[in-house]
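J.: Fit chain V to the supplied structure of chain X, relying on the hints for placement.
Top to bottom, those sequences are chains X and V. Going by my numbering, the first residue of the first sequence is number 1, and it counts up by one from there. Going by my numbering, the first residue of the second sequence is number 10001, and it counts up by one from there.
These are computed hints drawn from the structure, not numbers from a lab. One or more of the hints may lead you astray.
[To be verified] In the BS3-like style, the derived pairs of lysine-lysine whose C-alpha atoms are separated by at most 25 Å in a straight line are:
(1) X:K483 to V:K10037
(2) X:K447 to X:K515
(3) V:K10037 to X:K887
[Unchecked claim] Calculated from the model, a selection of chain X residues having no Cβ within reach of chain V, i.e. all distances over 12 Å:
(4) A77
(5) K193
(6) G607
(7) M687
(8) E737
(9) P806
(10) T850
(11) D890
(12) N933
(13) D996
Glycine included, C-beta positions come from ideal geometry on N, C-alpha and C.
So the chains spell out like this:
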Amino acid sequence: MSTRLATGGRLLDRSRALEFTFNGKRLRGHPGDTLASALLANDQMLVGRSFKYHRPRGIVASGAEEPNALVGLGEGARFEPNQRATTTELFDGLTCTSQNHWPSLETDIGAVNTHLARFLPAGFYYKMFIHPRPFWKHVYEPFIRQSAGLGRATNPGDPDRYEHFHFFCDVAVIGGGVAGLQAALTAAEAGAKVLLMEQTAHWGGRAPVDGGDIDGQPVAGWIAATLAKLQDMPHVTLRLRCMGAGVYDHGYLLGYERVADHTPGTDAPRHRLWRIRAGQIITATGAIERPLSFAGNDIPGVMLASAVRDYAVDFGVSVGDRTVVVTNNDDAYRTAITLKKLGLEIPVILDARQSGGGALADEARSMGIRVENGKGIAKVKGGKRVTAVAICAQAGEGALLEEIKCDVVAMSGGWSPVVHLWSHCGGKLIWDEAHAHFRPDPANPPKGASGEGFVIPAGAANGADDLASVVADAHGAGQAAVKAMGHKPKGKAPEASTLPEAPMQPVWLMPQGAKTALRMKAWLDYQNDVKVSDVQLAAREGYESVEHAKRYTTLGMATDQGKLSNINGLAILSDALGQPIPQTGTTTFRPPYTPISLAAIAGGARGPVFQPVRKTPMHSWHEAHGADFEPVGQWRRPYCFARGEEGRHEAVAREIRQTRESVGLLDASTLGKIIVKGPDAGRFLDMLYTGMMSTLRPGKCRYGLMCNENGFLMDDGVVVRLDEETFLCHTTTGGAESVHGHMEDWLQCEWWDWKVYTANVTEQYAQIAVAGPNARKLLQKLSNDDLTADALPFMGWLEAGIAGIPARVHRISFTGELSFELAVPASRGRALWDALLEAGEEFGVMPYGTEAMHVMRAEKGFIMIGDETDGTVIPQDLGLNWAISKKKADYIGKRAQEREHMADPNRWKLVGLETLDGEVLPDGAYATAPGRNANGQRKTQGRVTSTYHSPTLGRGIAMGLVHRGPDRMGEVLDFPKLDGGIVKARIVDPVFYDKDGEKQNV
Amino acid sequence: MSEAVTPLNGARFEGLATIEDAGLTGMITLRGNLASKEMKAAVKKAVGLGVPAQRQVLSGQGSAVLWMSPDELLLICARDGVAETIATLEEALKGQHFLAHDVSDARTYLHVSGAGAREALAKLCPVDLSPQAFTPGMVRRTRMAQVPAAFWLDDRGVFHLICFRSVADYAFGVLRDAALPGGEVGVYG
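Chain X on its own, in the form it takes in the complex (with noise of 0.2 Å):
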């Protein structure tokens, strides 16, 4: 069993104790432990069930790498499922659970699979679940969901909060092992600004736990002073719990800072995402060690040699009190020699290699531990934990030579740098023949806008491979970063002690020539459970790529993305291929680095500040007054005002009427206005718009529509001429951004010797229609300037004191009333919003939304961009044609108007629709013609663009476009609706109310 040892455990405050719970039981660690040590010294050694099989699965690692302690961590809302134990730092209170059992850990339904494994070989879903095709949605989909998947989704309500930070240095350092502490050290010392983060809770890797001297002091010594000399350098920042999640172009670098997952309830975010601006980026991501594949070695209680180490060493855990070590290089050893010196068995080392190890194999024996050379494991036996391994000779097809009863397997397959984020943004990779691992290319670093490279891989992310290496490659690192930085490098490499070590010898699989029985319980990827002979199938099958592969076979596809898996599967792969591992290569190292939380992406963005909401300056008097809000672009404006128990339908008719019999006010704020200024403003907007500008007079206003270069309508709105060089561009509530960007395309890219400016001035003005009979009335109570029409005619402006605000008051219509514009200082919008109202109240003013005006305007036939328009309707399909000139050579998308298609006469175009019984057309609907496409659809022969009910007049009015539709008045179209009905309305002029204009003209 594993247990907590009396003593030891560097990282451990054995006086205080901290209570958890573990799929209910209560258990006790320690301030310092991981959630995985601390499961493992309560004897907790099963964790979870595979993916596939449902086979009972331990803690393999002590890192990032780990595959299979991932636990649903916390209750209610912040419960997340897939946390590594090995990575989540144990607080007071945590409760976690394990996942993928039913009913229970102990006892598993699912793990029958694992006696199908036989039927149940690589790719067998795509093989088997093909056919018969409707079996998949009713049969075999349900059961793989019910079966496969790992955790439950979370709760919604996250209480926590998450932020941003963005930060901007010379030298960003991933990695606080030693490595990273000195080339941290060689950049700052030469001056650069340099971050330096490290993914766990302590400095210095795994380092001290390894042992050695660096500059005459032990490991642990050098890395205290190494700190203390960086925390003194204000150029330098140090940040713990904070991962290097992803390099990206130009030196933008991800870092994902975990502030308070181990303190949670303190007021700090929980989790804070570094944006980061490096000039160069050192990886000291260390190395990662392989498993070996034997059969059996996914049973709990196999692990990673210097995980056994490091549970020994950093927490005090004895993860069994008898340890077979099997190895294939000379670091293994170290795991054999520590726990012996902590009263521990090694009943055997198993050193796959015939010639055996160095200095430290000759430790080992000289300890009195068994060694034995060229032997490797046959098969481990047991089942919910090891029991025992059966030994064979390395070099054979596993024949039995002994058994040896143990709790634990400490395998170690040799050393992978991590080098994902070298790789991340193009970083190239070369194998290393004598240490069997992929380390980066120093002559393809990522590159970044001089072509040079900045990424630097320091250490054993580089490939060293012990520590007096490791520090030196480190300082190299460290000064070719300061050096590309600018910087002068300074200071020389400290000197570290250095054993001699016998070279390790590649084993992918163990033993070298086992049999089909073995190499179906040898595992890949523990976590989506692949095995040896999955890999070989995929090749057999025809699978070459290790990209196919991956996807055929779901290697490295699980959520460690095959930290563990990927080189011993390649290496399957490249043998079974029988070409050299370099020509297979490695599949693409994507960030981030390991999951990063949704939440920390999205940062502060939610609640109230989610997005940006646009607010007029009085959308507080329209919150207050039952305003039912659509967004519009980013803005809310109102569809309508509800009084009361009254139903939207009923509120719009109110508005309607209201303003059709006395007045109505619009808070038409959001619409854009762009002052257009300079001698060649006038020349500017003839091109802009389809009609003509720079005859407009000052003191008036014309409507105008802007295409694009295919000709297509994209805005329309009403220009006001302020004085001889200004013209004022009213736009659409959505067009106002992208018309001020069209403007300025056109004048800095292409016109830019025109002598006009531009300013967006959407925002300095409240804008308010008054609309209807008494509009005049009203604004004359407020007003003893003279806005009689012979003052100010119809499509005519002047400025004028409204209510003691100076108001510039347009005579424009929208609605087919007389109507008046007034724009005054946003500052003041309100005050003139509620002054409209009180001097109103003798007409019975109302405000009116959205709706109230898309439906007067419908009522009048004038049409909306984004209903009759969609980016593929031109002026001239809507009956436009009086706003388009005859007398300009040119305006941008006249040419395009003219192409053949444009001119056909066979377009669909603008008509009025009016339902023969008075109802309602359907939003979207189709008029139907006669046969069927190609398809087998009904054809169709034009479409409604807009519909309402109009209670103005009481009945159904639509606008559509119909294929040669005003050729065609009178006609009777066929409607059908979703419901399998058809609706009948007659093509009729799209003018349904006051068609002579009469109304806003007086």
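T.: Leaving out everything else, chain V in the frame of chain X:
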């Protein structure tokens, strides 16, 4: 007579930084040839200040001139002096090609001050806000969370921040969140 109001109406929050509505202020967009002697003379006459260099601000008593783009300045003056300042500019630039327009009401104007001001802004804006990199006299047009914004730093260490009026509540909200106690990054003092 109706009173003019700012969108935030005097709002204030004290956390790691103090966020406060800076009140009604005059702002004028001025576009033209910034290198011309006429422009320099006009600005001098209007607000008593020179034309700042790229990404710089020149400040006086209750006035400032901000570089906004290669052909655009923002003039800051007293709210009740806007009409007169524009008239002065128009007079001084007569015959020149230029655009001067009142944008006082188009903006929300905030002060961000206190020990956490740099970190609060650095949570929202992709700008190097270290004391070595961002110094008094600099102006930066940037993005604040999801909205455009510009800010500059005065000699007293107060950040002056402007963004569009319609997003005043959003701007105040994200700044307040960025300055909530417990969110100290500990990088800038």
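J.: It remains to establish, for every hint, whether it holds in the given structure.
T.: Hints, one by one, checked against the model:
1. X:K483 to V:K10037: Distance of about 44 Å is beyond 25 Å: violated.
2. X:K447 to X:K515: Measuring from Cα to Cα gives roughly 46 Å; hence the hint is violated.
3. V:K10037 to X:K887: 41 Å, violated
4. A77: Holds: least Cβ distance 19 Å, greater than 12 Å.
5. K193: 8 Å, violated
6. G607: About 9 Å separates G607 of chain X from the closest Cβ of chain V, which leaves it inside 12 Å; violated.
7. M687: 18 Å, holds
8. E737: At about 10 Å from chain V, E737 of chain X fails to clear the 12 Å cut-off, so the statement is violated.
9. P806: 10 Å, violated
10. T850: 17 Å, holds
11. D890: Since the minimum Cβ distance to chain V is about 23 Å, D890 of chain X lies beyond 12 Å and the statement holds.
12. N933: 44 Å, holds
13. D996: 39 Å, holds
Figure legend: structure checked against the earlier numbered hints; hints not met, in rising order: 1, 2, 3, 5, 6, 8 and 9.
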